[in-house]
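J.: Chains as they are written, first to last, in numbering that gives the first Met the number 0: chain A, 0 to 478; chain B, 0 to 478; chain C, 0 to 478; chain D, 0 to 478.
Any given hint could be a false lead.
As the list makes no split between identical chains, a pair holds if one copy fits it or if it spans any two.
Here are the simulated DSS-like cross-link-like pairs (lysine-lysine), alpha carbons at most 27 angstroms apart as the crow flies [what the hints assert, rightly or not]:
1. Lys125 to Lys136
2. Lys344 to Lys455
3. Lys235 to Lys25
4. Lys149 to Lys11
Calculated from the structure, these hints are not laboratory results.
4 protein chains.
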Amino acid sequence: MKTSKEYYEKLKSMKPNVYIGGEVVKRDDARLKPGINVISLTYDLATNPKFEKLLTATSHLTGEKINRFTNIHHSVDDLLKKQEMTRTLCRMCGGCIQRCMGIDAMNALSAVTYGVDQRFGTDYNKRYLKYLQWFQKNDIAANCAQTDVKGDRSKRPHEQKDPDMYLRVVERRKDGIVVRGAKAHNTIAGYAEEIIVTPTRFLTPEEKDWAVAFAIPADWDNVHLVCRVTNPRERKKLDAPISHVGDVESLTIFDDTFIPNDRIFLNGEVEAAGILALLFALFHRHSYTGCKPAIGDITMGYTALVAEYNGVEDAKHVQAKLADLISTTELVYASGIAAAYTSTKDASGTYIPNTVYCNVGRRHAGINTYHEAEILADIAGGLAATLPYEEDFYNPKVGPLLNKYIMRKADVPAENIHRCYRAIGDAICSGLAGVMQIAGVHGGGSPVMEEIAILKQYDIKQRKEIAKYLSGIRKDMPV
Amino acid sequence: MKTSKEYYEKLKSMKPNVYIGGEVVKRDDARLKPGINVISLTYDLATNPKFEKLLTATSHLTGEKINRFTNIHHSVDDLLKKQEMTRTLCRMCGGCIQRCMGIDAMNALSAVTYGVDQRFGTDYNKRYLKYLQWFQKNDIAANCAQTDVKGDRSKRPHEQKDPDMYLRVVERRKDGIVVRGAKAHNTIAGYAEEIIVTPTRFLTPEEKDWAVAFAIPADWDNVHLVCRVTNPRERKKLDAPISHVGDVESLTIFDDTFIPNDRIFLNGEVEAAGILALLFALFHRHSYTGCKPAIGDITMGYTALVAEYNGVEDAKHVQAKLADLISTTELVYASGIAAAYTSTKDASGTYIPNTVYCNVGRRHAGINTYHEAEILADIAGGLAATLPYEEDFYNPKVGPLLNKYIMRKADVPAENIHRCYRAIGDAICSGLAGVMQIAGVHGGGSPVMEEIAILKQYDIKQRKEIAKYLSGIRKDMPV
Amino acid sequence: MKTSKEYYEKLKSMKPNVYIGGEVVKRDDARLKPGINVISLTYDLATNPKFEKLLTATSHLTGEKINRFTNIHHSVDDLLKKQEMTRTLCRMCGGCIQRCMGIDAMNALSAVTYGVDQRFGTDYNKRYLKYLQWFQKNDIAANCAQTDVKGDRSKRPHEQKDPDMYLRVVERRKDGIVVRGAKAHNTIAGYAEEIIVTPTRFLTPEEKDWAVAFAIPADWDNVHLVCRVTNPRERKKLDAPISHVGDVESLTIFDDTFIPNDRIFLNGEVEAAGILALLFALFHRHSYTGCKPAIGDITMGYTALVAEYNGVEDAKHVQAKLADLISTTELVYASGIAAAYTSTKDASGTYIPNTVYCNVGRRHAGINTYHEAEILADIAGGLAATLPYEEDFYNPKVGPLLNKYIMRKADVPAENIHRCYRAIGDAICSGLAGVMQIAGVHGGGSPVMEEIAILKQYDIKQRKEIAKYLSGIRKDMPV
Amino acid sequence: MKTSKEYYEKLKSMKPNVYIGGEVVKRDDARLKPGINVISLTYDLATNPKFEKLLTATSHLTGEKINRFTNIHHSVDDLLKKQEMTRTLCRMCGGCIQRCMGIDAMNALSAVTYGVDQRFGTDYNKRYLKYLQWFQKNDIAANCAQTDVKGDRSKRPHEQKDPDMYLRVVERRKDGIVVRGAKAHNTIAGYAEEIIVTPTRFLTPEEKDWAVAFAIPADWDNVHLVCRVTNPRERKKLDAPISHVGDVESLTIFDDTFIPNDRIFLNGEVEAAGILALLFALFHRHSYTGCKPAIGDITMGYTALVAEYNGVEDAKHVQAKLADLISTTELVYASGIAAAYTSTKDASGTYIPNTVYCNVGRRHAGINTYHEAEILADIAGGLAATLPYEEDFYNPKVGPLLNKYIMRKADVPAENIHRCYRAIGDAICSGLAGVMQIAGVHGGGSPVMEEIAILKQYDIKQRKEIAKYLSGIRKDMPV
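Whenever a hint applies, use it, and build me the whole structure from the sequences.
T.: Here it is in structure tokens:
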């Protein structure tokens, strides 16, 4: 396993292909640091005795101790631990832990490469297992680039005016392929070591060129990471963990990029493209049943704290809103537990969480995202939006007055109230808050995508048979 | 195990103390039949090979095969099976299976009598175990009478102008006690064999007389069952399973009733009254994570069927509403799975489901009850409320015209459409529908009661510590 | 103006063509009485000094004093008074006043017959005015039969396998036409004097036969009124206004019915069919901005009363729910005021309420219907569903006990509590409650129909231009 | 009437008492410019022929033409025009027009100073009218400072440990008073010419010192404006109106500030403090029925535009969401129309909008604020949060690629899509978005404040009487 220092050294050694604000920057650019801090936590806490048991696992390939973010789930307990680890780490960084997508993609590839080989006689799984062993040994932080830019939403990939609107193979060579396209909304890509690419949807027979999956180093030739950074406002005096974490989203452009054979995990098998897309989404939605409850924990923490400071924690309407936050949080978490408990073992040995429970859980989190922010805004009041600048609290003239007038309950120091409101401002009144809200709706698939996934799987027909039985349209009892 | 015939013979042998519409009736009164049919299903299907495995268990006392409705949960699997059995049976009877409350009360008593004995040196558990063995052997259908009539809601039991507003001990004798009071909303009581009485709330030291639990035959002296019957409209031609089930609610009056010692399971130990109240509620809410999903199954079955008949099943808004129904249904079921999976073994050996998951699940069901009816009403349209009488469909003049004008898709016979709408009318446009909706909100405890239970158990303080850590108010990481 | 006695005499004189439960009945059948009582109120109160000013108007044809239910709106104030009258009367009968649809249809015909004549040189308006004069003079209670049975919802009228699925002209004679078809969900038809028929949707050029509007006496030859009666449970002791009102819905079958020329108001002008359909709906939705607030008044009245009796009226959550009921009620009413205030004068002189405000108001009422019932159920508690029979309260043995145990606050007599809960049971736990709920969703057009009406009218393009301006896509300010 | 240039000159001439980021700045500080641009619009458009009629009025004092933002409402039409002006201007600046609070305060003072004089024989109204004449003539842009910082929310003003938690009179002199305290959430204060101070709540007899209202120049001695600036991200290439407007909120500290007699409008009359507080809130909530619909217009504009660009505008779920946005928007606007139409003329001649309609309208806007953002986020998708920096689109290497991959429908230029998403990012994914959301909940009073105002005014008793009549508890009809 790696240390965060080694991780950072690795980043510094990478070729500059990150664009921020019109310029190529190196990975030690200060704007990337808050994002890097998030990932560093996944290395640092894995050796912290309090977290170690949760954050490490045993490789099924080598039997060695590995970071759980590189583990392939081989039991119900593996899935439950992944869920719990995600919640724990998201709580500790105050938001998205960002490293889940890499391992979610690896688990999806574990099952799909095996299945494709069985069906088509290919050897993707062998390549994959070799890659996995290296991945585990080197404790890799990876991005998964799935969502294509999609162009005209009313057209399929092969119908687009510009065929590059979905990433595709533009050349096939003996030693590999050349791909072109762009993947959007790639969290972590700017400070990931590897980028794993999967298709974004089901494909038709004429879309062989779009049925492609592979992995490459993030600084690979002809890959451009155009990054949008959203960090919290910098603190000058009131340093806090929440002010050291940030989000970086990449539009990842594959500008006629060569992919060598040993890094290719799907290449033309259109039948498997959609399955891989869905399976990555499924593992990722199971991860959401861990991370969204953490956001709930944090939101209810701020809500309860500010209510306590304002002297209204026991008010009935505050209690009702806390109960509402708890209910959303724990229903989502419960759905993840149920998904793990009813998971199935794939032919490859990988445990696949239950589709329906993952999707109802992720959907419930998604449709409550804005509502959770609304509750915190409601209880915190306007000061979350109108809190004066930190510096004014230290101005000799108005500083003491601000500290006088921010007081609430006599036994809570002004600085605590100040800290509490500044953190809430970061949480619901900042650019980062906007990113988190939109990610809460769309990350890992919007609620409407979960509805589609649910409807595809669910046995509605059986329910109609029950209705027919009860109303006397069919005579025998359906079971 | 008993047959439904034996159950019915037993009912017929009981002393008449059931009041309906101003008169005392025997238990073979036709108005009770639909309710009795529901309970009969729990006997009949226990020997049906398709259901047997789910509906039977092995007694931990005798090792004998018993009806699962008399089983004390001794494993995670017991809890999961109870949940699944409940869903399955509710689907088959088209509503509440009604027998759960008896076994939920027995499980609560299993833990509480044991705990009270440990603490106070009493022998309630011995009495209870003897009673349980008889209960299992005789495959008893029992009611649990918990909710007192409560009088002035702003006053505690001992503060009421009329102290009988909560059932209490009015006399203590050597061979037993005499109790007075009334218990409300007692489903099944009118055709139960036994009535199990538990306290309804936490009590204070001066409320010893109200801290009482016991079980008696339903036709015991000085017990009056004042019953409100709600059956579906009778069918003359279009016989259907849904038209044979009904609901009977009893206001059960204890009119200075003597309870012999061997049937008393709590008597004055105020410290345990609230625990018993909550624990029964907890087991019962876990049962709700089984029955409410069945109501969801049925509602979505009718919704999908009527949409199919109307030719709109694939319409986007219909699909979205089905996805909404599925989500509510499966989130509630998932919470029950999670509650079972994270259950804990009590000192008595009884498995106690997780409080938070049971309560968030029951609450979610409760706050969606009316919304589910609304969806079915929305998709079915006005005909659910305006369908002409059954007899008019058989009138020689207008009957053929009604059958002509009820047609939708050419390949669906008029009778099927007729049956479908008549069943939907029963489901959302009838007195029984009203009872089911109100029970969906209040049965087993209203959503506000679940919120209170959640807030009591939940570690909000820990979430505030997370908020303090993230905002820099406390320095070390809370785990 | 007519008295309710004269109205009832008229009903008794009519030919029997009402079917109930498989038989033809006369209009003095007891089952129709509760519905007749509702309409009688519109006659009785028109001469009651407290209501007279609101319930009467001046005919623009004759200058005579008329019942406002026969008035054509000729000012903003007319529309406002109609809205206020509707709310007032619905409060007094505890539900739908049922007579609005007749006058809504007459107002729609006022504008459309005039417009059609202007465009096509026909003389429908002359016929209409003659009919109107008779209608006003005889103070007619009329039904409007609009909704066709529609058959396969995925097909247009002329595409149906059975062309009668939408009412159509099957024969054209010199002296009139013969029509065939059926109209569904016709409230009041069973005790209306006249039936006014309008098309139900926009039509295409090949659908001339379906573009037909007319009025006939309700007992006209070859018209069958197949009625579904929903009355509250009969009271034996606790007589109350709420127990004397009911709802009757007719499936009205036109079995090759001859319509004489002077009663025909549209015949083949497909261009006007949709306009007439929409305009009736518009006037009717404006009526809903009067009646739905009355349902809100009643619901909040019961909610506040039962909360008071239970001693919890001042509880925060009760107050919040009352505020919620008030908000829905008054937003809907405000939308009706705004619709009247921004109404436009049609070429015929008829005032047409604003489409957008009528539709957002009706939609808001519709999407809150079940929610309002839920609030009352929530505050009233389970007793609304489990209240024993009236007769049991008068049984010598259990009656006194029931009166003892129903007590809440010491100063509220048992009978008041009993009455309050019995009324709430009628309101949310009865067949009539189901009808009211489904009517609340679908009556006058379901929320989805209002959305379609809104989207058709609303200037979304202008809002896009604002967006373009603000984002710099267009340079000049759109006004 | 003034020009925006004159307004800006005035600002530049004012004494520096604005604090931003720890320093005192002059009013020409670049960070204040976006806010100043908003106010400038109210001057510029008043002379623009397209807007003039709406934005000007006639002074009831002098008969001269004045900016409507200085007008006292003397008719229903005045209130309707104020509402319409507010919606129009908010649309044109893409958010809050900020100048309403000054005129809302002036209208409240118009009624209250008159009423206080009538009751107490004081001469506040004379002072006020003199001030008003100067205010109209000089076309003053004013802030209203109402909300006190409030300290411990569980204590009244006179119970606070620090009595300054509510602004109060600390000294009474012959020529005026000295006040101390701080007012929070003061939009516009940093570039207002005047600050009008009103009490924030009802007061008790012992709280005379807190019953104070007055107006002073914004740069008055011993007034500190501690400002928090929230501007949109600066644009380098894609200039747009939306990028020139911003929000500045002041915590306004009265540091033993002297107020001369002629600027004092309330001083010790505790009976009037709450009335003034409520009346300002009422006028301000009526203003919200104009501004919130504008936010709705803008949100639906962006939603429809991005849906059009993505080729999904006609999708059913998009249409449903647009209908939802329209409904909220127009229900709120309708409530403002109804409030104006049913306004009452005060003894002073000022027209007071209807309390219930203003409050249900403002509440409906408030509880839908986050939901509106959610809809836009839902339809826009993740790119609103992950759009690369503007500069990257002009980088020679990745710029052309970004423009290639941002394409949607072939006929929409990349720049338009880019502009559209950048504007949406500003609208829902920025610090300013957070401020707007929190202001949408709390500005002018949170939904819970509206509920309190509604409950205070609403005749719930009458609704209970209706319930009593319908259920037979009272015999006569309540009217």
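J.: Out of the numbered hints, which ones does the structure contradict?
T.: Failing hint: just 4.
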